[in-house]
Amino acid sequence: MPISFEVFPPKFGGTESECKSVDAWTTSFSDAVNYNECTAEQAVSLFKLWLHGEAAIWRLKLQDSATIRGWDLAEWLEQLKLHFVIEEEEQEGDLITFSRMRKGESQSWPEFNKEVLNYVARIPGGLYTEKWLAKTYLEILARTDIDLWRSLYKQLKDCTLAIIIREVNLTAIILKKGLAAIENETNDELKKKSWFKEIAIRGHPIPGSS
Numbered sequence: 001m002p003i004s005f006e007v008f009p010p011k012f013g014g015t016e017s018e019c020k021s022v023d024a025w026t027t028s029f030s031d032a033v034n035y036n037e038c039t040a041e042q043a044v045s046l047f048k049l050w051l052h053g054e055a056a057i058w059r060l061k062l063q064d065s066a067t068i069r070g071w072d073l074a075e076w077l078e079q080l081k082l083h084f085v086i087e088e089e090e091q092e093g094d095l096i097t098f099s100r101m102r103k104g105e106s107q108s109w110p111e112f113n114k115e116v117l118n119y120v121a122r123i124p125g126g127l128y129t130e131k132w133l134a135k136t137y138l139e140i141l142a143r144t145d146i147d148l149w150r151s152l153y154k155q156l157k158d159c160t161l162a163i164i165i166r167e168v169n170l171t172a173i174i175l176k177k178g179l180a181a182i183e184n185e186t187n188d189e190l191k192k193k194s195w196f197k198e199i200a201i202r203g204h205p206i207p208g209s210s
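Reminder that position 134 of the sequence shown reads as 134 in my numbering, one-by-one numbering, no gaps.
To be clear, the hints were calculated from the coordinates, so they are not data collected in a lab. Note that this is a predicted model, so its numbers are computed, not measured. Check each hint, because a few of them may be wrong.
Stated by the list, open to error - BS3-like, lysine-lysine: derived pairs with alpha carbons at most 25 angstroms apart: (1) K131 / K114; (2) K176 / K154; (3) K177 / K114; (4) K48 / K61; (5) K81 / K11; (6) K103 / K114; (7) K20 / K81; (8) K154 / K131; (9) K103 / K135.
Whenever a hint applies, use it, and build me the whole structure from the sequences.
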């Protein structure tokens with residue numbers, strides 16, 4: 001059956017715009033090969049023909065090594081992605097987005113605070129002062145957990161963001177352990193009451209009772 005060339009993506013040259021979508025290109029090329037039921041040899045030959053410019057030069061430099069190693073289409077496509085992919089740069093952070101950050105219900109404070117610090121690192125340094133960062137974070141804390149904010153605000157209101165986050169993490173961990181201990185104690189007490197009730201129902205004396 002003749003090959004349907006119209007299902008193939010445009011030829012790949014390795015330009016910046018093409019590199020940004022190299023994952024999509026390799027997937028489209030592989031799909032076209034499968035659609036045409038190409039043999040392994042045909043697939044590699046078509047791949048070579050579908051490269052031009054910088055990509056063709058790159059392929060020629062690797063050809064001898066690839067022939068010795070017996071690269072198939074999958075290996076060629078993988079190597080193409082590794083060489084030409086362009087990682088998207090993280091967008092700069094901004095003050096409004098930072099001020100609106102919220103802790104997810106399933107997030108622990110250490111997890112959320114790691115997210116906060118990562119975001120702050122993306123904000124250009126000239127846009128804020130350390131005092132503003134600390135003040136804004138305390139506002140985020142108040143919106144999220146007013147009890148935690150009340151317990152820490154007075155001692156932390158003049159501290160840096162790093163110190164505030166450290167204390168929030170430590171306090172949150174301590175509170176979590178305390179609540180877990182109370183819960184365990186409550187569960188033990190309930191189990192004890194249930195045990196005493198069962199003993200009374202069975203007509204046995206309760207230990208320690210007169």
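Here's how the hints hold up against the structure:
1. K131 / K114: holds (19 angstroms)
2. K176 / K154: Judged against 25 angstroms, a Cα distance of about 22 angstroms means the pair holds.
3. K177 / K114: Distance of about 20 angstroms is within 25 angstroms: holds.
4. K48 / K61: holds (12 angstroms)
5. K81 / K11: Judged against 25 angstroms, a Cα distance of about 15 angstroms means the pair holds.
6. K103 / K114: Distance ~11 angstroms between K103 and K114 Cα, so the pair holds.
7. K20 / K81: With Cα atoms ~10 angstroms apart, K20 and K81 stay inside 25 angstroms; holds.
8. K154 / K131: The given pair, whose Cα atoms are some 15 angstroms apart, holds under the 25 angstroms limit.
9. K103 / K135: Since the Cα atoms of K103 and K135 sit roughly 17 angstroms apart, the hinted pair holds (cutoff 25 angstroms).
When the structure is compared with the earlier hints, no violation turns up for any of them.
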